[in-house]
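Chemist: This is what each chain is made of:
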Amino acid sequence: MALNVTDLRVYYRTLRGEVKALDGVTFSVADGEIMGLAGESGSGKSTLAKSLIRLDGRMRHVGGTVELDGKTMPLSDDTGMDRFRFREVSLIPQYSMSALNPTRKIGKMVGELLESRGERPERAELERRLELVGLSKDVLDRYPIELSGGMKQRVVMVVSTLLNPSLLIADEITSALDVSSQKAVATTLLGFRDRGLVTSMMVVTHDISLVYQIADTIMVMYAGRLAEKAPADVLVTAPRHPYTKQLISALPEVGVRYEDRRLTGIPGNPPSLLKPPGGCRFRDRCPLAFEQCAEQPPFAEVAPGHFVACWKAE
Amino acid sequence: MLKLDSVSKVYRVGAFGGGELRAVSDVSFEVGEGEVVSLIGESGSGKSTLGRMILRLASVSSGTITLDGRDISSIRDRKEYYRQVQGVFQDPFSCYNPVFRADRVFEMIKEQYFPRLGAAEWRTRVETALESVRLDPGNVLGKYPHQLSGGQLQRMLIARAVLLDIRLLVADEIISMLDASTRIDVLNLLADLRARGLGILFVTHDLSLGNYVSDRTVVLRNGKIVEMGRTDLVFGAPAHPYTRSLLASVPRLHAKWTDEVVEDVPCAYHEAQEESRTRPGLAEVEDGHFVACSGCAGAAAEEKKIKEKA
Amino acid sequence: MRNEALHFALRNRKLVVGTVVIAVFLVAGLAGPLMFDHGPNDYVGPAMAPPSGEFWFGTTTFGQDVFAQFVYGLRATFLVGVLGGVLAAAVGMVVGFVAGYRGGWVDELLNMLTNIVLVLPALVVLLIINAYLGVRSIGVQALFIGLTSWPWAARAIRAQTFSLRSRDFVDLARLSGVRTPKIILREIAPNMSSYLFLTFILLFGSAILVAASLDFIGLGPTQGVSLGLMLNNAARWSALQLGLWWWFIPPGAGITAIVGALYVMNVGLDEVFNPKLREM
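Protein chains in written order, with my numbering: chain C, 1 to 314; chain P, 1 to 310; chain X, 1 to 280.
In case anyone wonders, no lab produced these hints; they're calculated from the structure.
Incorrect hints may appear among the rest.
Derived lysine to any residue pairs resembling SDA-like cross-links, with alpha carbons at most 25 Å apart [to be verified]:
#	chain 1	residue 1	chain 2	residue 2
1	C	K71	C	D82
2	X	K182	P	Y113
3	C	K312	C	R283
4	P	K256	C	V133
5	P	K143	C	P276
6	C	K108	C	D69
7	P	K256	C	R283
8	X	K182	P	V99
9	P	K256	C	D31
10	P	K256	C	Q246
11	C	K275	P	G138
12	X	K182	P	W122
13	P	K110	X	R174
14	P	K79	X	R102
15	P	K3	X	D171
16	X	K182	X	F197
17	C	K245	P	W257
Have a look at the derived ranges for each label pair, beta carbon to beta carbon [unchecked claim]:
#	chain 1	residue 1	chain 2	residue 2	range
18	C	G57	X	V106	54 to 60 Å
19	P	L117	X	V125	52 to 58 Å
20	P	G142	X	V106	35 to 41 Å
21	C	G57	X	I129	53 to 59 Å
22	P	E274	C	N101	52 to 58 Å
23	P	E33	X	V106	35 to 41 Å
For glycine and all other residues, C-beta sits at the position ideal for the given N, C-alpha and C.
Let's have the full structure, built from the sequences with the hints guiding it.
Modeler: Below is the structure:
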């Protein structure tokens, strides 16, 4: 098992109280697994991704544990986490375009970064990896401003995987890109895993159809909790959680036309996470809701590798 | 209704404006009443610039945009134009002045267009407009923008446009910032407006969204039209390699990406009969389905032929 | 939103202290002169008398009441600050808003003007003006200060306007048929109201300071009295050498306190308006 998350809770401090952004999630990611993490804004997917790397000042680790390759990660200990960052867990941030220091040449910056981690930069290996993502070694002698958005994104991808981390987290890295570059970036991610540069991967996105293209499994989050996790094919073709079902049926696809088939969205809004209601958090919007939903359903395995948090899922 | 006739936009760039950047070149198409036309392109294709030119937020460098045969830049009174043509933009949050309540967008319309209308009458109109975009007036009126969701804000902006009894709506990427579960509702709303006889220009980078809602599709690349025509024809039988590659990269829910087959399809433009080149740079390959040259060697060869003749 | 700002304003010690100091001086300047039936420059007492019950701040070499001069001087100082500050803020806002919103050649032209005024050696210009204008009043001084100190405000406002005008809500107002001056006034300005207020406070403070320095070097008003003129007179008649500390300490301390309080207020306001600086 590469990653084991047990009952993880991370809250945000705000002026009006604590936002329960991540409220008890339990799941695991196997060695070699690419897990897509899907959800809408406010579902907690980005909080989960960030928690595994670095808690910012407003985030508080309330409870639960995270184990990576058998070692427990000290989430709230910023310096203790340094042992894990880059080496064990690495993140490609959403705005990698702005993650590069504009006053440093790419090569120099990578060197400094590695030195700060106590590693010696190996030019040959770096060049080999740049080639892997379709960049020439010349980019090392260029300034970030001379590269396009897609190129910078790929540079960051190379940098964050340089130390062969066992878990790579990609946070919405395709959402700002055009369709054609989306495909290129997504296939590059796939290549990282296939070449063994990273062991497992968590791809955070709001776009299920995109993550379906590369992921082995997809996990859907709703209002700070897990809704469903299943092999990608199963989740897309035979979802069991009512939220996943409605979400997938709301996605227009090429070929679906308004005249032929009118799709419908999910009525209502997600609950506020300042004071979330008890029980199942999807209850208010759920067409299947009944009395038992006032009680929180467990995230139970209904078929091998298929977990659902719903009383009505068989 | 709305007609673009070889519209171009040139920006001056570089020191002292010496250089030129053609954001849009020679674009011509029409939007009829009760018709949804989707303008599809990637970033830098000039699709948003076109939208802004139609909304008169950017000037037209050359060519003309006409509304019912009247050059829009000759309509001196902007209000008269905006009474008929309105826009909704990508980011619902930045469309609201954060200092004020969200319903101020309606007040602005009242102040400018219906200053004499009674408060009660106006309130009924606003409520009707909100109901027509499936919002509960009691839920959204009197709130600040940060208290509402992106979907609600975006629907309020559509309601604002509807208050004016407009004939054309320019919808610039209006759902790309929304969550998947509310996206489709806003998209359906556009279809409802179309049923009421509105013309809609739907600007998007997302092919599946464009495909879902539009009657005709215009595909832009680097400011030029590469293909346009009825949506079912453009998506069903794409004639330009760029359209094909776009379609191939769209992530689909029930089919995984296939590795691109290197195709050796002849250029549709140069394959077509000379007579079918009814528009500059575009050939009509079938009824109402136009395609541009794929960038093949045909263009150079033809030029040579013409020179030889001369 | 308003209440939230007020909530933090009342709890901000810097802001409260600064406001109280300014208010005290303002009241002294407004009400103080009513206590006297003589003018500030009348010779009413014995020469060089130290502070006493009759003459609170003592008298000058010529037997003028220093306290009367001080409160009258406060009036002049506030007047110069307000007039100069308002004028500079007005010019800076008009130039900044128009340049930032219109852009293009208008912006270039106004920018050029701003830069010219910015590098203008104000003192030299004043000396020249001085040669032409025999009689100078507080109004003329305020006018001069207002017309020379707006450039940095204009530049700051221009930059802010520039970033706000490309926001979608400005486009939406244009689509609603709202005219440009109204867009600037109703859409752009409210978004930087705190910023504009801070700008005014700073201009107010700097106008007082500039006026005091001009007075001190003898380029102040030819009639009337101000804190700067008091210092100028004290220095001219060797108050320091004669040990008449009561003549120069009150005006010096007054200027320092007012300008200092304004800057402290500015910092406090900044904390109130900027959520990032609020102490949680």
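Chemist: Honestly, which of those hints from before does the structure not fit?
Modeler: Of the numbered hints given earlier, those the structure breaks are 6, 7 and 18, listed in rising order.
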